[in-house]
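Chemist: Chains as they are written, first to last, in the working numbering: chain S, 1 to 114; chain Z, 1 to 113.
No incorrect hints appear here.
Straight-line C-alpha distance at most 20 Å; calculated SDA-like pairs for lysine to any residue:
(1) S:K102 - Z:E59
(2) Z:K100 - S:E101
(3) S:K41 - Z:K38
(4) Z:K3 - S:E44
(5) S:K41 - Z:Q105
(6) Z:K3 - S:N100
(7) Z:K100 - S:S55
(8) Z:K38 - S:Q37
(9) S:K41 - Z:Q8
(10) S:K38 - Z:V102
(11) S:K102 - Z:I60
(12) S:K9 - Z:G43
(13) S:K102 - Z:K3
(14) S:K53 - Z:A98
(15) S:K22 - S:Q37
(16) S:K38 - Z:K100
Think of the hints as simulated: they come from the structure by calculation, not from any bench.
So the chains spell out like this:
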Amino acid sequence: DTEVTQTPKHLVMGMTNKKSLKCEQHMGHRAMYWYKQKAKKPPELMFVYSYEKLSINESVPSRFSPECPNSSLLNLHLHALQPEDSALYLCASSPTDRGNEKLFFGSGTQLSVL
Amino acid sequence: AQKVTQAQTEISVVEKEDVTLDCVYETRDTTYYLFWYKQPPSGELVFLIRRNSFDEQNEISGRYSWNFQKSTSSFNFTITASQVVDSAVYFCALDQGAQKLVFGQGTRLTINP
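Let the sequences and hints guide you as you build the complete structure.
Modeler: Structure follows, in structure tokens:
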């Protein structure tokens, strides 16, 4: 199994809603990532978990809250989002925390905030 | 500062044509890694190649080839005999360490039948 699975594929939420994005991998990878991608732009790193510990937070607003319950699962909890947070949210994983490794990406959650 | 420039925003060619996507990078590091990823309409980024700074050998994988030239800080990607399935956005990226990738702005490639 060489897949990173993200759910849901699409999500529409109001600014007062609370929702969660889910990401799962069963490749035994020990690093997992959240990226945000606006239309026609490259992905931007948000968070990195290494061995289930948050290792990188790229100054992301607190309305985004990541969680790594175990080595296979990564969540992104959303609360009080703004319309400008509408984007494609991509999850990725890599075998270790060394960096310089290829990333395995999921197909993303397309989020629309109304 | 580390930077990746993909000057070609969009390229459109007819099927079976060869096409080259340009990538120029900036870094002060002597050890670094460069990547190419493909993003089809389905959304996921698909890894194509990784190259470290000490390996300047060109690489060929089927219809894909990569030309790495440290002298010009370029890592260009050529698709030979393009096919409609090659239509996607292609990103060149530089690993700046600590699990952080610097992506170029991407090149949207359209292969017309």
